[in-house]
Amino acid sequence: MNPKGVLVVGSITADVTAFSRRLPRRGETILGDDVTLVLGGKGANQAVAAARGGAPTWLVGCVGRDPFSEIVLAGLHSHGVASTEIRAVDNRTGVAHIRVDASGENDIVITPLANSDLSIDMVDESIRALRDRASVLLLQLEIRTEVACHAAEAGAHAGLTVVLDPAPAQSLPDRVWPYVAVVTPNESEATALTGVEVVDLESAERAAAWFLDRGVRHAIITLGAAGALSVTPEQTRHFPAYPVNPVDTTAAGDAFTGSLGAALAGGLDTATAIRRGMAAGALATTRPGASPSLPGREAVDELINLHAIV
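Those letters in the sequence shown? Residues 0 to 309, per numbering that gives the first Met the number 0, in order.
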């Protein structure tokens, strides 16, 4: 039987989200409409998305020894993410402060804290433990860069399909790119990494070529309402967006990458996996918050089927 699981190496945070009609100007105080405290972090979000997408999912990360750790671990358990590879360290659990306006746009300040304690040795130990039970490794950049780069190399050597969501965007050494099977930046991340201003499909294709030139096998540039552009050495293909009414764009990219990873681990073809990722990302924008907005497999199926009918 082929491995069907997803191994996620990444961040875990407690997300404190304030909702208001608009974001405050510099130095301004405004009254908000609501506040939430839930599981977050790009690693945790992608793990939840993969698990809700139907894949056995393990998360490799660190939490502190504080009340926030209880909140995030309970959130992971409730969504079916295995926590055997999560280490409790002598630090505080990471926190993200998110502000969301009435249009669904957001800004975020992340304080890594315990996430900075995730080490190369921890990653190696988890990959050794799970390499025969997982086929896809998901990575992001909210952990230390050297740990993420090592995870890409170690995962590739272990035979895992390495999928990198390069967010928050930051410069990576050229040596890491050949270990990345799939990279999934949005427009701003692709612009920051490649130097190509991504404003349309043509510029997205040029940005994708930058990744392929450095050894990545497949670049998927997500373009929000303009869909996504998939580029491999053999084919360039545009996937239109699923129409939804966005409320909060937090975790939309994580929904895309996590659902994509689950589909690839489940043996689905690449085009189907991209469509499932796009449907999950679209649905994630229709609900506030990070992990609470991540859709299940049935909701993704329904949106895809509805779109096919239309």
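What the hints contain is simulated information worked out from the structure, not anything from laboratory work.
Note that this is a predicted model, so its numbers are computed, not measured.
Note that CB positions come from ideal geometry on N, CA and C, so glycine has one too.
Each hint should be verified, as a subset may be incorrect.
Stated by the list, open to error - Derived DEER-like restraints, expressed as beta-carbon distance ranges:
#1 P177 - D123: 33 to 41 angstroms
#2 D123 - T231: 16 to 24 angstroms
#3 T83 - G158: 16 to 24 angstroms
#4 H306 - D100: 21 to 29 angstroms
#5 D100 - P177: 34 to 42 angstroms
#6 L22 - E301: 45 to 53 angstroms
#7 R143 - N244: 19 to 27 angstroms
#8 D120 - Q169: 29 to 37 angstroms
#9 L200 - H96: 29 to 37 angstroms
#10 R286 - G194: 32 to 40 angstroms
Against the earlier hints, flag every one the structure doesn't satisfy and list their numbers going up.
The structure breaks hints 1, 2, 6, 7 and 8; every other hint is satisfied.
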